[in-house]
Amino acid sequence: MNRYFYYSILMCMMINTIIFVPHILLNNQRNGLVPGLLLSTAVSTGFTVLFANAMRTFENQSLSDILKARLPRWISAPLLIYLGYSWFIAGGIVLISFSNLMKRYILPDMPVQTIAFVMVAAAGWCASQKTRTVLYLLEIVIVTNIPFILLILYKSIGTPFMNWYAVWDAVSDYLWRWPNMEVVSAATYLFTGYINLAIFNKESEGTFRPRLLGLVPVIGLLTLMTTALIPIGFHGEHGAIRYVNAWVSTADSIRIEFGVVERVIYVFLLL
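For what it's worth, numbering that gives the first Met the number 0 labels the leading residue of the sequence shown as 0, then goes sequentially.
Treat the hints with care, since some could be wrong.
Said to hold, decoys possible - Derived DEER-like restraints, expressed as beta-carbon distance ranges:
#1 23 - 235: 12 to 20 Å
#2 71 - 107: 33 to 41 Å
#3 107 - 210: 29 to 37 Å
#4 79 - 162: 47 to 55 Å
#5 96 - 170: 22 to 30 Å
#6 146 - 76: 41 to 49 Å
#7 171 - 242: 19 to 27 Å
#8 172 - 79: 20 to 28 Å
#9 171 - 120: 46 to 54 Å
#10 72 - 107: 47 to 55 Å
#11 74 - 162: 49 to 57 Å
#12 46 - 71: 23 to 31 Å
#13 52 - 109: 42 to 50 Å
Rather than coming from a laboratory, the hints here were simulated on the basis of the structure.
A quick note: this is a predicted structure, and the numbers were derived from the prediction, not measured.
Glycine included, every Cβ here is placed at the ideal spot set by N, Cα and C.
Can you build the whole structure from these sequences, using the hints too?
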């Protein structure tokens, strides 16, 4: 069970580049971007530790089971409806982002409504499966995608088109400026995968012991830095904010000269 907890966090970190997180961070690079990333990492790590330790005390129980067993129905029912609605909105944002991305770069001739319908059907099928089946599918996706993500990061950092002076200017010029809430709110999204423990906790085998929680802030901060700073290195401080999907344009700027697929954008979109 321990590894699936980290898989959920990694999944949110992986999909942040295709939704609105990079766009929000890049638009606020003069509003205390780096302090905002540091602050959001600290806050999110605290919430992760608190939530994980709280769920440890309820072995093999989901959040729904806990609320129904320990709260009166007139409190637990509205609370569960609110949480379900929140999850629905969060999933809808990701689904709409995926649909628009596929419409713009992969299937330009297909109506976006058709793409969204197919994705809703796929999401509905996954939701109808057993929790353990979803966890196994999550593990397969994570294990197969991580090598390609590391390859993209390696090629983006090692390419001569990466302008480190632009990155340094973006970091140093506004390092001591207090971040606004928009930066902090967008950056905390990367860590929200821990909330899935509210459902997956019922599949825990034995006592849940998150021994590697110390890696969460390290990996999260590195992910935030690459999400915000690599597009600046490729397109400049002013150029990065002109793109709707900055990371798609960044991936299209990377080449693998001797690879099977030369343009990294195709690998990036498949992830």
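Here's how the hints hold up against the structure:
1. A beta carbon spacing of about 18 Å between residue 23 and residue 235 agrees with the range 12 to 20 Å that was offered as a hint.
2. Distance hint check for residue 71 and residue 107: the Cβ-Cβ separation is about 53 Å, which falls outside the suggested range of 33 to 41 Å.
3. Take residue 107 and residue 210: their Cβ atoms lie about 47 Å apart, and the range 29 to 37 Å is violated.
4. Remark: the range hint 47 to 55 Å for residue 79 to residue 162 is upheld by a beta-carbon distance near 49 Å.
5. For residue 96 paired with residue 170, a C-beta distance near 27 Å keeps the hint of 22 to 30 Å intact.
6. The hint said 41 to 49 Å for the Cβ distance between residue 146 and residue 76, and at roughly 45 Å that hint holds.
7. About 23 Å separates the C-beta atoms of residue 171 and residue 242, a value consistent with the hinted range of 19 to 27 Å.
8. For residue 172 paired with residue 79, a C-beta distance near 46 Å fails the hint of 20 to 28 Å.
9. The hint said 46 to 54 Å for the Cβ distance between residue 171 and residue 120, and at roughly 48 Å that hint holds.
10. The given range of 47 to 55 Å is respected by residue 72 and residue 107, whose C-beta atoms sit roughly 50 Å from each other.
11. A C-beta distance of roughly 55 Å is found between residue 74 and residue 162, which places it inside the suggested range of 49 to 57 Å.
12. The hinted range of 23 to 31 Å is satisfied by residue 46 and residue 71, whose Cβ atoms lie roughly 26 Å apart.
13. Distance hint check for residue 52 and residue 109: the Cβ-Cβ separation is about 46 Å, which falls inside the suggested range of 42 to 50 Å.
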